[in-house]
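Going line by line, the protein sequences match chains A and B.
First residue of the first sequence: 1, per the working numbering; consecutive thereafter.
First residue of the second sequence: 1001, per the working numbering; consecutive thereafter.
Hint data in this document are derived by calculation from the structure and do not stem from the laboratory.
Just so it is clear, the structure is predicted and the values come from calculations on it, not from any experiment.
All C-beta atoms, glycine included, are put in the ideal place defined by N, C-alpha and C.
Just to be clear, a hint being listed does not mean it is correct.
Said to hold, decoys possible - Below are the BS3-like pairs computed for lysine-lysine, each with C-alpha atoms no more than 30 Å apart in a straight line: (1) Lys-1149(B) - Lys-88(A); (2) Lys-118(A) - Lys-1149(B); (3) Lys-119(A) - Lys-1149(B); (4) Lys-10(A) - Lys-188(A).
To be verified - Over 10 Å on every C-beta distance to chain A, these chain B residues come out as not near it, computed from the model: (5) Ile-1096; (6) Ala-1122; (7) Arg-1221.
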Amino acid sequence: MTNEAIIELKNIDVTFHNKGQTVNAVKDVSLTVDRGDIYGVVGYSGAGKSTLVRVINRLQPPTAGTVVVNGQDILHLTPRELRVARTKIGMIFQHFNLMDSRTIADNVGYPLRFRLSKKNRQEKVAHLLELVGLSEKANDYPAQLSGGQKQRVAIARALANDPEILISDEATSALDPKTTSSILELLKRLNKELGLTVVLITHEMEAVKEICNKVAVMESGEIIERGDLVSIFSQPKKPLTQDFINTATQINQALEKIYKQSSALDLSDHQQLVQLQYVGASTDAPLITELYKRYDVVSNILYGNVEILQDTPLGNLIVVMSGEPDKLQEAWQYCQDAGIKITHLKPTDSEVA
Amino acid sequence: MSWFAKYFPNAVTMKSDFIQATGETLYMTLITAVVAGILGMIIGIGLIVTQPGGILENRIIYNIFDKIVNLCRSIPFVILLAVIAPLTRVIVGTAIGTTAAIVPLVIGSAPFYARQIQNALAEVDHGVIEAAESVGSSPMGIIFRVYLKEGLPDIIRSSVLTLISLIDLTAMAGAIGGGGLGNLAINVGYSRFETDVTVLAMLIILVIVFAIQLVGDLLARRVDHTA
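Next comes chain B alone, as it looks inside the complex (with noise of 0.2 Å):
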């Protein structure tokens, strides 16, 4: 490990915070991925069966999803962070640290996933939707046993784009109080002129960003038989 404690002088010193840290980071993103996950899967498969031509053709629901979904992604989230912090007080009791940091998460990931999801369904064949009707499927069953059985690929795959993304907000949260990898990058690499400490953080995201793609990669690979 000599060759570690040459490049990276202080942060072979810092192995419980870096471990710490990338707990948190974890910990941010997979809490906000079930959450933003739940939330953005049923907004999204609401704007699919209620807009125009939809299985629940319902103008006033798919509009009032639409804009909130466009509303909530016009907002950058620096800003997001610091306009919501009441909201955060409200619910979790306080502005700062790890667990406040999932509020401005959920709701600057749910509507791009949500997004993401109404794109993934829409790719299912309309003609394929026809024909659970024809044979006498309910909404529900064309929801769970034709969409979300069609659409899984890109489901998956749209889960992956999210999930990192969702790395990249955590970052961001981080830098501003949320603690993880992104904390420590700016707070400690950065404003202590600490380079190696920087580049560690990224590279540690890195190695997470690529684990997840892999994973996402394969698993769509398996569920997708269109080839």
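Bound-form chain A, shown alone (with noise of 0.2 Å):
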């Protein structure tokens, strides 16, 4: 992976103004994308993440800010060479957009008319749709296939200009979980095969988990924290991101279920409950066994749960630990030169009920 970057906003502002009221739906953002990146944006809806990445090929222009995709910059491109840039640029959408009226094959081949002639049309349109696995479908009509035979269509329609970028703004949020997994899996194949680099909006961490490499949190429309995967999920400091990865790693579901067991929160003096966090090659190690043998620490496992993320393992358990007072001090000091993250777990009052 060459760390060129192809995408670069700077201090984008998107400003609203609609009956008087005045709406800063991106606020002072910049946001650096390099070449075969696959880049997740993450927040709740309304937090500005699709307004940010419709900047990036003006279907959004910005109120404030520089654009530069490619080299280029797309703000001060006149309007028949913005459309040659949008063509670099390919985008699906959560509703995926496709053309009720045309066959699927049309509905691929609507970009390259014009660009290519009619035998090429028809083989780029076979070549596309064999490659998101729906050839057999080129002569049916959007209404006639599922959700995510649809958005196939329109990956491969977005692919249809050979994009070097592909933004996808939630387009697997009306997806089931297996479509989506499938979506996401081609996205990450495209990648891979294709070089494409890729923007992936939505507000599941858990398919920013699948398949990006780098992530930004979006918070109104802010990015409140940003980095590579496996350092925002192993240490992610903002509340918001906190809580979107305790949802993607079902802690948050666990402890909840966990809180809700008197047995968890009637603990002795001799008893903590707390959550043990390990990235990468700490996960091998016989922590349990190892604790019981040099400090009498006796760990009940509640919860655990392993994400391999970019080949990392990130692993998590909640256990009660039993023991002398110093003893767990000491495990836990034992845990900590491990390099494993020991948060202690009060359930408070709100959160039991």
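Dock chain one against chain two, each of which comes alone in its own frame, and use the hints as you go.
Shown next as structure tokens:
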């Protein structure tokens, strides 16, 4: 992966004026995406992430800031130059946005009209449909397809111009989990095989977790945290990021259940509810046994989860540790020395309720 | 045909009048449909692309089109016929007759059609327009290859509606000197108390309307792939 920037957004502001109200949808955001990245932009709806990425191909002109894509200043292009630049930036949408009046093949071939001869166009369309696995649907109409198939058609159409960038605007949000995975797999494959740079907008950290190598978290028009996937997942700093990650790793759900169980709540002085988090190689060490052998500390595992992010394992354990108080301290120290992050969990009243 | 002579005693003697009147009605409808169709289509597309948020947003042009359409649609057709008689005289040379009736018919139906086209095109999903923009389509490309293609079923349905209301207008224009079936029904049938003439004229108009409706429905269903 080269570190050449393909998208550079600098100090982007987008302000909407609607009936006397001013909405700052994007506030002074800068974002650099390198060639070959799968860059995730996460945030709840209304965070401004869709508005931000629409700036990349100027579907949404920014109020202030600069946009450089492929070395080209997107904001100072003539309409004609902009249209040429847009052919290098593919885009897919939450609701697929296919044309109901055209067959699948015609939808995919739409961008190629006037650019390729009829014969070349048909060949290219056939190739694209094969790429997304829908060759046999060429003469169907969108209404006959499932959501996942429609999104595949949309991807084929977005790839028709051989773009270098693909913007995915909540493309999996209207799909069921299984279809979502298959679409994400496809995006990852395209990234690997075609060297396609992908910008993935989503409100699901699960999607980011599966394919992205970098991630930015947006809240109220600002990027509050960004970095490579593993460091964001292992060391989230902002509460919103932690919230997203805990939802994605299902720790929130696990904790909710644990807090409901009185056994976890009625802990004696010799017991502690802790979350252990470890990244990379430390996943392999036989930690629990080690703690017992060395410190006589018994760990009762309530929840465990290992995520493989970019080939790096990221483990999460929720355990009740029992032992002499000073031994517990030593055990925690041992964990920390081994590179394991320890969080002491205290179910507060609000969480129990 | 004896039953026909029995129930339509006056009409049966006026075969050539009916043929001529039907021809006049069709002539007025057809010419007006072509002229008003082109005008209405241009204005309707103009409205949709220049409206706020449109692909060629332009407040001034939009407002001009919008006001013209509203103004023309506000004038009752019978009054319009009289008011624009001087203009008709300038264009056609006379204010009376079938050809002269076409001028007020166009002015009466083009704005109506423009609004219908605007509504039909407004149904085209904005996301699809955005998708076309994102692959580098030009405004002209979007008008012809997205709006008109995606909106076609609705365009056909509104065209049927406009055609039928146009036949309604030709009858009115006919009554004040434009000829056609409306003229026959009122100036012959009604004025001479020959009710059967009025009824037959009405029946012929009904047949024309049903035929248009039928063909339109078939066409619309043929190009509609949404379900």
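- Task: Tell me, in ascending order, the numbers of any earlier hints that this structure violates.
- Result: none
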